[in-house]
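K.L.:
Sequence:
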Amino acid sequence: MKILSTATLIILLSGLFGWLSNLPQDAGEDVPEGKLNSLSFAPFREGQGPMDAIFPTPEQIDADLRLMGEKTHSIRTYASAEGTMPVIPALARKYGLTMIQGAWLGGVKTGNKLEVDELIRSANANPDVIKRVIVGNEVLLRGDLPPEELINYIREVKKAVKQPVSYADVWSMYMKYPELIKEVDFITIHILPYWEDEPIAVDDAPAHIERIYKHVQQEADSIAPHKPILIGESGWPSAGKQRGWAVPGVVNEAKFIRGLIKVANANGFDYNIVEAINQSWKSELEGVVGANWGLFSVDRKEVFPLTGKVYENPDWYKGLLVSIALFLAAVAIFRKPLQNLPAIPMAGFLVCLQVLAVLWVSQAEFLWYTSYSDWQRLFTAIITGLNAA
Numbered sequence: 103m104k105i106l107s108t109a110t111l112i113i114l115l116s117g118l119f120g121w122l123s124n125l126p127q128d129a130g131e132d133v134p135e136g137k138l139n140s141l142s143f144a145p146f147r148e149g150q151g152p153m154d155a156i157f158p159t160p161e162q163i164d165a166d167l168r169l170m171g172e173k174t175h176s177i178r179t180y181a182s183a184e185g186t187m188p189v190i191p192a193l194a195r196k197y198g199l200t201m202i203q204g205a206w207l208g209g210v211k212t213g214n215k216l217e218v219d220e221l222i223r224s225a226n227a228n229p230d231v232i233k234r235v236i237v238g239n240e241v242l243l244r245g246d247l248p249p250e251e252l253i254n255y256i257r258e259v260k261k262a263v264k265q266p267v268s269y270a271d272v273w274s275m276y277m278k279y280p281e282l283i284k285e286v287d288f289i290t291i292h293i294l295p296y297w298e299d300e301p302i303a304v305d306d307a308p309a310h311i312e313r314i315y316k317h318v319q320q321e322a323d324s325i326a327p328h329k330p331i332l333i334g335e336s337g338w339p340s341a342g343k344q345r346g347w348a349v350p351g352v353v354n355e356a357k358f359i360r361g362l363i364k365v366a367n368a369n370g371f372d373y374n375i376v377e378a379i380n381q382s383w384k385s386e387l388e389g390v391v392g393a394n395w396g397l398f399s400v401d402r403k404e405v406f407p408l409t410g411k412v413y414e415n416p417d418w419y420k421g422l423l424v425s426i427a428l429f430l431a432a433v434a435i436f437r438k439p440l441q442n443l444p445a446i447p448m449a450g451f452l453v454c455l456q457v458l459a460v461l462w463v464s465q466a467e468f469l470w471y472t473s474y475s476d477w478q479r480l481f482t483a484i485i486t487g488l489n490a491a
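Residue numbers (our numbering): 103 to 491.
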């Protein structure tokens with residue numbers, strides 16, 4: 103009887119702790135209209151990605167753009183000629199979306215020509231949808247092209263389209279290569295507090311964004327006064343490795359997005375948030391954190407709402423139920439030896455069983471959530487099984 107009563111108390115305390123640890127949290131002011139200004143859009147699904155040249159179907163892109171129409175006024179794309187990317191403008195039109203269309207530039211000239219040619223064709227064919235174009239993304243940061251070659255591509259596109267033309271990179275690249283400021287029609291900077299050399303805590307991120315924006319604006323005004331600035335990328339990961347004070351998490355991502363929008367609205371900043379949908383293929387380049395910057399998961403479920411309070415893990419109780427089931431199974435197995443123990447050692451043993459069950463389930467959940475392929479899931483199953491043994 104003492105085993106049953108102690109086990110029941112442990113279960114109740116576990117439930118209470120789980121509930122208190124997962125109460126909905128305040129994530130800042132609601133987003134006006136529940137919509138964003140612009141979102142980085144890549145329609146890849148699990149098992150798809152540009153690195154393997156596996157692209158979504160037009161039907162899948164159409165479904166994603168229907169979803170985007172509910173969340174944002176505009177989308178930013180990064181490539182024009184790859185795979186099925188050329189179908190995006192026509193489909194975006196269906197859902198009242200405008201676009202900031204990009205051409206992906208790298209170290210291969212033939213690929214760059216295809217991208218630039220398609221960007222020009224698409225921009226001229228869809229002026230009602232494509233309002234701005236971006237030639238290259240973080241090319242200088244990666245070291246794929248020297249500034250002179252990049253500028254030649256920018257000039258080529260500027261001569262061929264009527265839309266404003268820009269180049270996108272982390273904000274420090276515009277400070278390193280100020281000659282770009284004169285070449286572009288608008289300056290596109292990426293401000294990513296999580297990825298800064300000295301990572302910024304989420305609560306300090308809005309002030310950091312405002313400070314960097316105004317710093318770039320001041321420097322740009324000394325070269326080309328009153329040139330428009332777009333925050334081309336800003337966001338926060340919902341999962342992954344902590345970097346200094348920058349802690350990934352669902353609530354922190356919601357806090358960041360709402361804080362960014364508040365600062366942008368207060369100062370009249372133009373912005374695009376990275377990103378619309380989690381991109382599992384990015385885990386190959388940046389690990390878990392790279393795959394988890396989206397407002398939607400890879401299976402198109404909302405990661406967090408733009409209004410109201412936010413749960414870090416709304417399904418926390420499912421893991422708790424599994425851990426309780428494992429705990430009860432272990433209690434049944436060790437019931438006879440436990441009957442011979444004094445009350446305190448017996449209670450301590452039961453507590454250890456429940457803690458181990460919770461840790462095992464938590465690890466299994468994390469590994470499964472951050473598995474982005476069949477072989478990774480197989481690895482998760484093996485590790486989880488070995489830990490159980």
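These are calculated hints, taken from the structure and not from any lab test.
Please note: incorrect hints may appear among the correct ones.
[Unchecked claim] No farther apart than 25 angstroms at their CA atoms in a straight line, the calculated lysine-lysine pairs in the BS3-like style are these: (1) K343 <-> K316; (2) K411 <-> K438; (3) K264 <-> K278; (4) K233 <-> K137; (5) K215 <-> K260; (6) K329 <-> K284; (7) K403 <-> K343; (8) K211 <-> K260; (9) K278 <-> K343; (10) K104 <-> K137; (11) K260 <-> K233; (12) K215 <-> K264; (13) K233 <-> K261; (14) K264 <-> K364; (15) K137 <-> K343; (16) K411 <-> K137; (17) K420 <-> K364.
K.L.:
Hint compliance check: list the failing hint numbers for this structure, sorted ascending.
P.N.:
1, 2, 3, 9, 10, 14, 15, 17
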